[in-house]
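Peer 1: Read off the chains here:
Protein chains: 8
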Amino acid sequence: MLDEVEITKLIVENYMKDLMEYADLDVAIVGAGPSGLTAAYYLATAKKKVAIFDRRLSIGGGMWGGGMMFNKIVVQEDAKHILDDFSINYERFGDYYVADSVHSVTSLAYHATKEGAKIFNLIGAEDVIIKNNRVSGLVINWSVIGELPIDPLSIYAKYVIDATGHESEVIKTLVRKNNIKLNTPTGSIEGEHSMDADTAESVIVDNVKEVYPGIFVTGMAANAVFGSPRMGPIFGGMLLSGKKVADEIIRRLS
Amino acid sequence: MLDEVEITKLIVENYMKDLMEYADLDVAIVGAGPSGLTAAYYLATAKKKVAIFDRRLSIGGGMWGGGMMFNKIVVQEDAKHILDDFSINYERFGDYYVADSVHSVTSLAYHATKEGAKIFNLIGAEDVIIKNNRVSGLVINWSVIGELPIDPLSIYAKYVIDATGHESEVIKTLVRKNNIKLNTPTGSIEGEHSMDADTAESVIVDNVKEVYPGIFVTGMAANAVFGSPRMGPIFGGMLLSGKKVADEIIRRLS
Amino acid sequence: MLDEVEITKLIVENYMKDLMEYADLDVAIVGAGPSGLTAAYYLATAKKKVAIFDRRLSIGGGMWGGGMMFNKIVVQEDAKHILDDFSINYERFGDYYVADSVHSVTSLAYHATKEGAKIFNLIGAEDVIIKNNRVSGLVINWSVIGELPIDPLSIYAKYVIDATGHESEVIKTLVRKNNIKLNTPTGSIEGEHSMDADTAESVIVDNVKEVYPGIFVTGMAANAVFGSPRMGPIFGGMLLSGKKVADEIIRRLS
Amino acid sequence: MLDEVEITKLIVENYMKDLMEYADLDVAIVGAGPSGLTAAYYLATAKKKVAIFDRRLSIGGGMWGGGMMFNKIVVQEDAKHILDDFSINYERFGDYYVADSVHSVTSLAYHATKEGAKIFNLIGAEDVIIKNNRVSGLVINWSVIGELPIDPLSIYAKYVIDATGHESEVIKTLVRKNNIKLNTPTGSIEGEHSMDADTAESVIVDNVKEVYPGIFVTGMAANAVFGSPRMGPIFGGMLLSGKKVADEIIRRLS
Amino acid sequence: MLDEVEITKLIVENYMKDLMEYADLDVAIVGAGPSGLTAAYYLATAKKKVAIFDRRLSIGGGMWGGGMMFNKIVVQEDAKHILDDFSINYERFGDYYVADSVHSVTSLAYHATKEGAKIFNLIGAEDVIIKNNRVSGLVINWSVIGELPIDPLSIYAKYVIDATGHESEVIKTLVRKNNIKLNTPTGSIEGEHSMDADTAESVIVDNVKEVYPGIFVTGMAANAVFGSPRMGPIFGGMLLSGKKVADEIIRRLS
Amino acid sequence: MLDEVEITKLIVENYMKDLMEYADLDVAIVGAGPSGLTAAYYLATAKKKVAIFDRRLSIGGGMWGGGMMFNKIVVQEDAKHILDDFSINYERFGDYYVADSVHSVTSLAYHATKEGAKIFNLIGAEDVIIKNNRVSGLVINWSVIGELPIDPLSIYAKYVIDATGHESEVIKTLVRKNNIKLNTPTGSIEGEHSMDADTAESVIVDNVKEVYPGIFVTGMAANAVFGSPRMGPIFGGMLLSGKKVADEIIRRLS
Amino acid sequence: MLDEVEITKLIVENYMKDLMEYADLDVAIVGAGPSGLTAAYYLATAKKKVAIFDRRLSIGGGMWGGGMMFNKIVVQEDAKHILDDFSINYERFGDYYVADSVHSVTSLAYHATKEGAKIFNLIGAEDVIIKNNRVSGLVINWSVIGELPIDPLSIYAKYVIDATGHESEVIKTLVRKNNIKLNTPTGSIEGEHSMDADTAESVIVDNVKEVYPGIFVTGMAANAVFGSPRMGPIFGGMLLSGKKVADEIIRRLS
Amino acid sequence: MLDEVEITKLIVENYMKDLMEYADLDVAIVGAGPSGLTAAYYLATAKKKVAIFDRRLSIGGGMWGGGMMFNKIVVQEDAKHILDDFSINYERFGDYYVADSVHSVTSLAYHATKEGAKIFNLIGAEDVIIKNNRVSGLVINWSVIGELPIDPLSIYAKYVIDATGHESEVIKTLVRKNNIKLNTPTGSIEGEHSMDADTAESVIVDNVKEVYPGIFVTGMAANAVFGSPRMGPIFGGMLLSGKKVADEIIRRLS
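Residue numbers (this note's numbering), protein chains in the order written: chain A, 9 to 262; chain B, 9 to 262; chain C, 9 to 262; chain D, 9 to 262; chain E, 9 to 262; chain F, 9 to 262; chain G, 9 to 262; chain H, 9 to 262.
No lab work stands behind these hints: they were computed from the structure. Here the structure is a predicted model, which means the values were calculated and not measured. A portion of the hints provided could be inaccurate.
Said to hold, decoys possible - Dumping the calculated DSS-like pairs for lysine-lysine here, alpha-carbon to alpha-carbon at most 25 Å:
1) B/K25 - H/K17
2) D/K139 - D/K185
3) D/K17 - E/K55
4) H/K122 - F/K122
5) F/K180 - B/K180
6) F/K88 - H/K25
7) F/K139 - G/K17
8) E/K25 - D/K17
9) C/K122 - C/K25
10) B/K185 - B/K166
11) D/K166 - E/K17
12) B/K122 - A/K88
13) H/K217 - H/K139
14) E/K17 - D/K139
15) C/K189 - C/K166
16) G/K217 - G/K180
To be verified - A few chain C residues that face chain D, going by a derived Cβ cut-off under 10 Å, partial list only:
17) I19
18) D26
19) N79
20) F101
21) S109
22) S115
23) L116
24) F128
25) I131
Where is the CB? At the ideal position from N, CA and C, for every residue including glycine.
Kindly produce the complete structure, drawing on both the sequences and the hints.
Peer 2: So this is what it looks like as structure tokens:
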């Protein structure tokens, strides 16, 4: 006999166990797009306690729709090994690899969670916690509350990653609310420039940096913060920057 | 050197290749929720040409949010083998298995597409094609057009599956627009009854039927069409009905 | 030193403890307006396990705004003892007692919760559970999810009270989804008639009944279901019907 | 016999009596959240003529939803005596006290109004009155008018308290419309910094000040105006700052 | 010296005096369009206590915009004397008289109020009061409250006039909520037919009737309730029906 | 020297001249989609006084977007001569002709207006005029007024054509507001059936009929009114039915 | 026999005659609130060709709702003669005169139009015409077009009056789009200060000035442009400033 | 027999062929208003590969509605030859030519596409591509995606024309995202001034310039970027500037 209340309790208790366990993290990632998911996968593989917070019900960011709703993605040669790490089906066209975007994004999320990364969907980061001039955690809230006056909660993290795309939302909040300088040429958010795919892909991995003590940028947020060009309709740099930020933080946590 | 236009062309051409290839299907599934994805997986494994059409950008239906946004799902013993088929991580609590909902839904979608099922996201089914008193295909359109007067296109399918949940949208359109009788006790849509998890799970697999020549129902749509109770916060029946509809159609296509 | 994560955990754990504890209730009330709050107070005073579910963030129903935003309420002589039970300030004008509406509604909620009634705000009842032709619980969900496809959870209750006002939402769902007959003259929802304060106040307490096994109506829902007139801008009947439904259920639970 | 028009008149007349009486106040508080309600309680206890104006139908601000809709609040040791003043039920966990948020907020409002504070819900403060370089009252209007061009009315007050939370709406309007300097380090609104609960709680009571002749800030508005950090999910400072602003104004009015 | 609070009090007190005075009326008119305003004028001239309730801030109904925003109106010969009663400027073209619509509608409202009719703008009629099978008053509320749960107030009237145009809102509510028969051929609302100006103008004055004890219809509501054709872009019948309903009620009140 | 007011006057006067001239028509077409435009072209070529009324700013109906925003249209062999009449560029694929949809729709509108048909954009038909049991004209209004209470104007026409697509808006209004029987099998609107392109194209020209004295249907409205299947993504039948209705009316007007 | 099309033509032709006649004005007033209507009345009385343009369907600005929807207005002694000029009913309270707001605003509009002022409702001023560094007319458009890309028309005027209230919309557009200096202390718009009724009323008439060649400000726009305080809930200054601007322009036009 | 899927394939394949072919252009025009369409026509006539991208379903910009929805346009003598090039019907009034606006805009689009220009409707330009300090293409996306996170695609063009009207959207994006100087007096966008039709028409053709390497402005965008006055309700300058930009680019491409 199925008991509805027993099932209800199992759901609530197991979620709460996760929420309690992940309230004090090695790494908190904001944004479950391709770069954030890739970072989560490699961090989880290295046995770090990592969680992603994403405002949407269904994570994945801008990867679902391919280019202009044509749900295919393209990856260049030097990121092909990441497709292999995630067992993604692809077809080769010269130096480019074409994959299905729904297949690719679900593979990233499936493998990241398979390895132990936790994804909190429907939860956004309203703000950060700053202790002694270092980002030390996130102020989180359900995204569905809209304009309702509902207070947030907080979680701690040794490192925070802003993987919110070209909006770079976490960094924007950090800069807007505090008198601080980022680790960028001008100390501010430089802003994304117009598209130049070749330049953009060549600098994105370099732009993956700790822009203020305790917080890194990755993916499109990295180029936006450092004033590099917008990326073209190609995903290699996104994936590589996700792996780069994971490697960098794994190194520091050791 | 990355060439933006070359990348653009690869995306467009490969999407169009898919669209052309999947315009004449063995099975067209409407709705990429848990039941539709499960069906697609087993159909693809059996080498059937199968595609899912889903109005949302990010498929998965109601599975992302677990129960009340607590992102866990529960599956009972008799559906546990499906969790294993999809390599989903779970924890056992007596006769129940608890899994992470984001992990589970991305696993369903990843493995279905890995096996060759094609998912067309952002595309809904406006209507069906009826030839000689048999559903013979779908009238499809981009969901993002909203109220804009944009005409649809059409695809053929040997079988259509309505996996749109308790709205049973395809069946509703079929009944509303044509003078037909369904293969239900009254010939009409019976409507979902209030919750009774035990009864609901016990009948859902039986309700998976060809309700009109060429079209099956599965998942919550099955119980809604046959006037069975609403299901509780448990996913076994959803997954089993997905497998059932696949098995049934595979048998007929042989 | 204040520890943000410690505080976060206290909030989450204590809420979850409540949610677990109140998943199996003596009485589940839907709607935290004047009638529902009054019922909850008297049930809690009698040591029944009672919880109210209300879709709004800030419970109280239509009592905050008095009449036409003029935040005063009027109570007639025969309900005056309820004002006294709740220590509400009032001024007497002949047979009428005038009180501040904000003061009154917060008194109802304060005293009900003081006595141990639990209020779950932001949670609505999507549906009921029916076992063996008896309402046995509620299907609940966050109200803030709007159109997002998020599944509900369920709780059990020995008795459910529909205190949702003249919409009588729970009864409407019960009738719409199941082939059942209510304990009313026609077996259906009769619908509220136009205003006639005198008649309305005289019948409301009589209308407080178990309209289907396991579910009672109270307050405006009672008059709406039994086809009585709309009440005038006076609250005595609302409060008295809340006490009546509590008394009736206490008697049955004994 | 109940007479609908008699009841109507009692409501209208008693509301108007209040509106006339409270048009010339000792203290006008804008915002009926935890800090404003606490201030109103202690001011009313000291027999000051005090009214709160709040845009919402159902006052209480951000206190209803606890943290992230989990409706519990936490208060630290040094504010515990305020819980006792309001007869709020709580449970102790080390140095923290956990209470139900619905119970707590209705207790604040109930006891404040019990002592004689008047709450005008659905009414917001569009602007202030300035006479001889001193804030001398409020320009008030119904909040429900939306974009309709409806003129406001005005009330006088010896002191105004901005208790509108981190938006500090009254101070913002004061600064935006007049060439004045606030009593802050820079003379302007400093803006809330990111979260640091420990620092925030330690400075909030100090930040309760008369920032311009005739107007005080309290609660989150105090930290926002003085550039202190955002508070964590804990309510001690909110309550203490409400008591502080009351004590300070009582002293001046003597 | 101007005293803001003194002015505030004068506004509030004088409005309340009106509201009290007009809570018990000879005639309550719902809808301040051309027909309702005309009726109010002639009723006030005959010294009847009459008030109009209109949901909009700025009354006048559909008369402001002339035809298709070309702000002119046309009146035929047999209604010309009403233009004269209201001192409206016009120009003659054969049997037709053309006037400015803004000029005309403000003249109707100005002269009606000059004669003592009271207009309550922003207030709609939610329902009627029925005592002993006779409409005995209105249940009124601010229109600006939108979806907020705010209770109404009530007023008494010897006669109610539905002048809400082709929606005939009051009659619709009356019929929907009560099991009654109207004084029409079928006992129900017949519904407006397509346009036929000649027929419509010839029957509208006949359709001005007491359709249920205590309530009359006038203007477009009269034709809608009696199933007559829609009127053309001409206002004679509107004005004449307003005068007719006034004359009829004056006769009965004598 | 350019004189702004002189230009203003030329625009207003010439528009008004058209509006006066076309207030009494041979044929009034509602809906400027492909079928309505085709009809207008052939009627204008035959020197009939014809005007189209369309609610949108930019006429053309559903033809702009091709199929699913892929802006191409397909026409079958038997309608190819209409492409030629309109000098539309196309490419041949077997029995099908493919043309650009933007090119095609602008050609229809350009040539129809070149021949003297007048298009009133932004104007919809709210209702019809009925005199002696015959549709004798339209009740028209600006579509941009939304919910504003603005009265319509009227125009006469010897024949009205409903070319509003599968909504068949004019016929719907005609049936809803009047007790009449259409010239269809059941006397009512039959409703569009699901797609069957072959059947749909074969019956559409037959369905072009005078369904009630004075009013014809064409295009998708014809199939919707007669209960025929939905048309596939092909335009031959649309164009042919437009020509058919023109021919039929020209014959009757002679 | 009534002829719908004849009536249609009378409406269109007479409106167009007005539009042509008033395309070249002595005075164009933007905003038909109390100040603009008063100005129009005195200008028309002096036989000037004057028109008001107002975005709303029903003109009158913020005067309909009295204070906070209590539909009464107050006028002080020195403006009492204007009430008399408009034959407005009032009651005296010391130095204040209280009138009904609906009665007052319709009187202003009725008498202004009676004297020959033309009101174009539903038409706003998008921009001004500037010739040789002088405002020479208005760029006007229907307000109902919303976001639709529809071009405006233009009219000439010897003088323009910005009577748009504290938004001072025309002056804002003038300053934003051109490099000009206003005739104010700083050459810019100073902005309205917080309320001080006494000061506001004493300066408003002085603030009525030609702020740039060809354009005057009046009413609340005058105080907003000159940085004076917001007015209290009293209308004397509004009416007097309307008369002042009329007198000033009449003098110049002589 | 009509085959729905065959027709579907023809539409998709032919659209894709266009999209592939026009991904590398001589000239990319953003905005299909009168100036952009005119430019496209003359470029296509000169055998350049040219495409227009427009966010709307139905292109034509602000030309459909004439002036204030009165659908006529006026053209002055010196642009009359362009009306002739497009075979547009007109009537002469002194130095002005009046044409129907629907006829005119469809003629521009029809003839431009007839000559081989491709119009991509429903597609907007999100950004530009910049290579070596030269605009080298566009970043394009479907306009219907609204807020959905869907990535764009890119196309190359030897020259880009901003024909987006007075918003000059492409230039605004170019300036906002990159640190560049335009070829204008100040190096920035100067902004449109108030209306002065005579001046505006005399400078618009001069303002047609390459404002940054690879990108031209035309139509209202030209005057907006160069700080010239707004144009009056006349279209000559629009058409002439479209021809000018075509001539200029043809010269450079040779």
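Peer 1: Now tell me, hint by hint, if it's right for this structure.
Peer 2: Against the structure, the hints come out as follows:
no. : hint            : verdict
1   : B/K25 - H/K17   : holds (10 Å)
2   : D/K139 - D/K185 : holds (14 Å)
3   : D/K17 - E/K55   : holds (24 Å)
4   : H/K122 - F/K122 : holds (16 Å)
5   : F/K180 - B/K180 : holds (22 Å)
6   : F/K88 - H/K25   : holds (22 Å)
7   : F/K139 - G/K17  : holds (19 Å)
8   : E/K25 - D/K17   : holds (10 Å)
9   : C/K122 - C/K25  : holds (18 Å)
10  : B/K185 - B/K166 : holds (21 Å)
11  : D/K166 - E/K17  : holds (18 Å)
12  : B/K122 - A/K88  : holds (17 Å)
13  : H/K217 - H/K139 : holds (20 Å)
14  : E/K17 - D/K139  : holds (19 Å)
15  : C/K189 - C/K166 : holds (20 Å)
16  : G/K217 - G/K180 : holds (16 Å)
17  : I19             : holds (4 Å)
18  : D26             : holds (8 Å)
19  : N79             : holds (6 Å)
20  : F101            : holds (6 Å)
21  : S109            : holds (8 Å)
22  : S115            : holds (5 Å)
23  : L116            : holds (8 Å)
24  : F128            : holds (7 Å)
25  : I131            : holds (9 Å)
When the structure is compared with the earlier hints, no violation turns up for any of them.
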